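Two independent chains are provided; combine them into the complex using the hints.
Each chain, letter by letter, is given below.
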Amino acid sequence: GPLAQRACPGLAAGPEEAEQLVSALHNLTRHVVYHGLTRAEDILSLFPENFHQNLKNLLTKIILENITAWRNEAQASQISLPRLADMDWRVDIKTSSDSISRMAVPTCLLQLKIQEDVALCGNSPVLSALTVELSKETLDTMLEGLGRIRDQLSAVANK
Amino acid sequence: VSSQQFSALTEVLFRFLTEPKEVERFLTQLSDFATVNKISLGPLKNIVKSILLVPNGALKRNLSSEQVRADFIALGLSEEKASYFAEQWKVNSPTLTRLAIGQTLMINQLIDMEWKFGVTAGSSELEKVGSIFLQLKLVIKKGSQMENVYIELTLPQFYSFLHEMERVKTSLESFS
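Going down the list, the sequences are from chains A and B. As numbered in this note's numbering, residues 982 to 1140 make up the first sequence, in order. As numbered in this note's numbering, residues 39 to 214 make up the second sequence, in order.
Only chain B is shown next, with the shape it has when bound in the complex (with noise of 0.2 Å):
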């Protein structure tokens, strides 16, 4: 493999690693390089696989791009090709690490909220009542599964919420 072609397939290694769910565009340049290339497409998916555990291992292993160059090497690349290679996941690393983070387990992950709010105008018990209140949604998601869940807050409440939520991005900030 020339250095022009192992550059245009690391090319498309990096683009599927940073966009992980178009997976259907990668098998597809995949294969158009492996026919400009004359090359088969079996042993090129094998070749690749292998490739790819490299980046996912220096994560989990928080690897510098040195190391990763040592990994390539020892998987029987030469030292220019490692090296380019190396100096791309370098590139690559915010988002690639931005991703990982992103795939970090998250407990009942609030997902979306919807809100409404109204008046109270009469009861059963009262004819005449003109009180306000607030309804939120919440969407959460619980494993794979989405749940609604319907809260009601009084005026005060609401404040109190807001309030506590405002303490929260405060906190959040001072760590980031």
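Chain A extracted, bound-state conformation (with noise of 0.2 Å):
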């Protein structure tokens, strides 16, 4: 791929071992990262034995410094439902309609940008925006419910 073609040159490699050699250290981390291994024992047990010792140092000690970074990558790209990307509120005041020419009427519009499924979109985020009506019973009734979300995370939490 392009990230063999790139390393060629400095490695004074031919086209083929270049490949061998990112497949082989792209394997090696994935299996780091899947694992969750974090001790450097761990990682150096995975290199066969007549591996170059001080090459097999290095290479553990750039993969430890790496490993929880891409572990949050994978976590961040994993597939999920849609996900809430920002929230925006404001709140009017309805004055008339069609049915009655005379009302004070509060009603919050919520806007909710949303992102597709972040492992479909790879790197180009899908965002969509919704906006919602809530009459004020609406917002109470969402309260009670969000209260009793936050309730039970508390009891989870506390066990």
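Keep in mind that the hints were calculated from the coordinates and are not lab data. Here the structure is a predicted model, which means the values were calculated and not measured. Worth double-checking, as some hints may not be accurate.
[Unchecked claim] Derived BS3-like pairs: lysine-lysine, alpha-carbon spacing no greater than 25 Å straight-line:
no., chain 1, residue 1, chain 2, residue 2
1, A, 1094, B, 180
2, B, 87, B, 59
3, A, 1075, B, 128
4, A, 1042, B, 166
5, B, 207, A, 1075
6, A, 1075, A, 1117
7, B, 98, B, 119
8, B, 87, B, 119
9, B, 207, A, 1117
10, B, 207, B, 175
11, B, 83, B, 128
12, B, 87, B, 128
13, A, 1075, B, 98
14, B, 175, A, 1117
15, B, 175, B, 154
16, B, 98, B, 87
17, A, 1094, B, 154
18, A, 1117, B, 179
19, B, 59, B, 128
20, B, 175, A, 1094
21, A, 1117, B, 180
22, B, 98, B, 128
23, B, 59, B, 98
24, A, 1075, B, 179
25, B, 83, B, 59
26, B, 180, A, 1075
27, B, 59, A, 1117
28, A, 1094, B, 207
29, B, 207, B, 154
30, A, 1094, B, 179
31, B, 166, B, 154
32, A, 1117, B, 154
33, A, 1117, B, 98
[Said to hold, decoys possible] What the simulated footprint calls covered on chain A by chain B, stretch by stretch (three residues with Cβ under 8 Å from a Cβ of chain B suffice, anywhere in the stretch; the number is not a length):
no., segment
34, 1012-1024
35, 1078-1084
All residues carry an ideal CB built from backbone N, CA and C; glycine is no exception.
Right under this line is the structure:
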């Protein structure tokens, strides 16, 4: 792939060898991330016995430095339902309508910015905006529900 | 129409106005009234139609009960009956107002919210994950159809969402 091609000149190796190298490195790092290895001994034990000692130590050191970032990225890019990216709100007062000429009814407009499944979008995130109107009654009911979620979360956290 | 009959008819009319969905009940009560009082249903329906226009117009134009009374007198009702009807209208107007407000346009009205939360145990990239997620299902009325919207939130996002919604509540309450 492109990485192997870029590495070729610096490595003084042919394109095939470079491919193999990149592939091997990729498999190694994926294995470490997947199994959540965090100790140097665990990573060192992955290398074959006659592997170059200093190179082995250097690779292990670099992998350990990057492991947290890689795990976080894997978690951020895993499949999911559309995710909440941002939210904004405003409160309006409705003063009249076709059915009644005078009133003063506060209402809430809530705008949710939703990002479609990250795993599907890759590097070009698809963001959609959904604007929803809530009456005071709806908001009260929603807050009741959100409060129950918060209570359940505390119960789980305190176990 | 005697004043007793008129007040009975008024009661039927206002019961319909305050519960506009009960159309069948209204029509049944009307035909009962016609039979009991030996009035033919056809002309009665026409009269009722014109009478019903007055309360609706009153809401649209924000009329006082004196103006409603004047409208009825213009329609040909006696002063006594017009006053009686205007009184009834005044008594019922909070309910009627609330109904009219309820009919007012709402954009993408939030009808319902369901939720569940759980723990992501593992994925194709990570053998063990253990992160908590919250999934919300919002039921939204778009025009005449319902649409379900599914969203996932992390815990920090949930707490921040809850906080913002509490701020909205405070704001709405200060304007009520």
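Outcome of the hint check:
1. For the given pair, residue 1094/A sits about 17 Å from residue 180/B by alpha-carbon distance, which is consistent with the 25 Å threshold.
2. The hinted pair formed by residue 87/B and residue 59/B meets the criterion: a straight-line CA distance of about 16 Å does not exceed 25 Å.
3. Distance restraint check for residue 1075/A and residue 128/B: the Cα-Cα separation of roughly 23 Å lies within the 25 Å cut-off, and the hinted pair is therefore satisfied.
4. Distance restraint check for residue 1042/A and residue 166/B: the Cα-Cα separation of roughly 23 Å lies within the 25 Å cut-off, and the hinted pair is therefore satisfied.
5. Restraint check for residue 207/B and residue 1075/A: the C-alpha separation of about 16 Å stays at or below 25 Å, so the hint holds.
6. Between residue 1075/A and residue 1117/A the CA atoms are separated by roughly 12 Å; this keeps the pair inside 25 Å, and the hint holds.
7. As the CA atoms of residue 98/B and residue 119/B are separated by approximately 23 Å, the hinted pair is consistent with the 25 Å bound.
8. Among the hinted pairs, residue 87/B with residue 119/B is consistent with the structure: their alpha-carbon atoms are about 17 Å apart, no more than 25 Å.
9. Among the hinted pairs, residue 207/B with residue 1117/A is consistent with the structure: their alpha-carbon atoms are about 7 Å apart, no more than 25 Å.
10. Distance restraint check for residue 207/B and residue 175/B: the Cα-Cα separation of roughly 21 Å lies within the 25 Å cut-off, and the hinted pair is therefore satisfied.
11. Between the alpha carbons of residue 83/B and residue 128/B the distance comes to roughly 24 Å, so the proposed pair stays at or under 25 Å and holds.
12. For the suggested pair residue 87/B and residue 128/B, the alpha carbons sit about 20 Å apart, so the restraint of at most 25 Å is met.
13. A C-alpha spacing of about 15 Å is found between residue 1075/A and residue 98/B, which places the hinted pair at or below 25 Å, so the restraint holds.
14. The suggested pairing of residue 175/B with residue 1117/A holds, with an alpha-carbon distance near 20 Å, which does not exceed 25 Å.
15. Taking the CA atoms of residue 175/B and residue 154/B, the gap is about 9 Å. The hint holds against a cut of 25 Å.
16. Taking the CA atoms of residue 98/B and residue 87/B, the gap is near 17 Å; set against the 25 Å cutoff, the hint holds.
17. For the given pair, residue 1094/A sits about 20 Å from residue 154/B by alpha-carbon distance, which is consistent with the 25 Å threshold.
18. Between residue 1117/A and residue 179/B the CA atoms are separated by roughly 17 Å; this keeps the pair inside 25 Å, and the hint holds.
19. The hinted pair formed by residue 59/B and residue 128/B meets the criterion: a straight-line CA distance of about 21 Å does not exceed 25 Å.
20. Among the hinted pairs, residue 175/B with residue 1094/A is consistent with the structure: their alpha-carbon atoms are about 15 Å apart, no more than 25 Å.
21. Using a Cα cut-off of 25 Å, the hinted pair residue 1117/A and residue 180/B holds, with the two alpha carbons roughly 19 Å apart.
22. For the proposed pair residue 98/B and residue 128/B, the alpha carbon gap of about 15 Å is at most 25 Å, so the pair holds.
23. Among the hinted pairs, residue 59/B with residue 98/B is consistent with the structure: their alpha-carbon atoms are about 20 Å apart, no more than 25 Å.
24. At roughly 19 Å between alpha-carbon atoms, residue 1075/A and residue 179/B fall within 25 Å of each other, so this suggested pair holds.
25. Between residue 83/B and residue 59/B the alpha-carbon distance is near 18 Å, which keeps this suggested pair within the 25 Å criterion.
26. The suggested pairing of residue 180/B with residue 1075/A holds, with an alpha-carbon distance near 19 Å, which does not exceed 25 Å.
27. Among the hinted pairs, residue 59/B with residue 1117/A is consistent with the structure: their alpha-carbon atoms are about 23 Å apart, no more than 25 Å.
28. Using a Cα cut-off of 25 Å, the hinted pair residue 1094/A and residue 207/B holds, with the two alpha carbons roughly 21 Å apart.
29. As the CA atoms of residue 207/B and residue 154/B are separated by approximately 23 Å, the hinted pair is consistent with the 25 Å bound.
30. Proximity of residue 1094/A to residue 179/B is assessed by CA-CA distance (about 18 Å); at most 25 Å being required, the pair is judged to hold.
31. Proposed proximity of residue 166/B and residue 154/B is supported: the alpha carbons are some 21 Å apart, at most 25 Å.
32. With a C-alpha separation of about 24 Å, the suggested pair residue 1117/A and residue 154/B falls inside the 25 Å cut-off, and the hint holds.
33. Only pairs whose Cα atoms come within 25 Å are accepted, and residue 1117/A paired with residue 98/B is accepted, the gap being roughly 23 Å.
34. A stretch counts as covered by a chain when three or more of its residues have a beta carbon under 8 Å from one of that chain; for the segment 1012-1024 of chain A and chain B the count is 4, and the coverage holds.
35. Residue count for the segment 1078-1084 of chain A with a Cβ under 8 Å from a Cβ of chain B: 7. That meets the three needed, and the coverage hint holds.
Violated hints for the displayed structure: none, as all numbered hints are satisfied.
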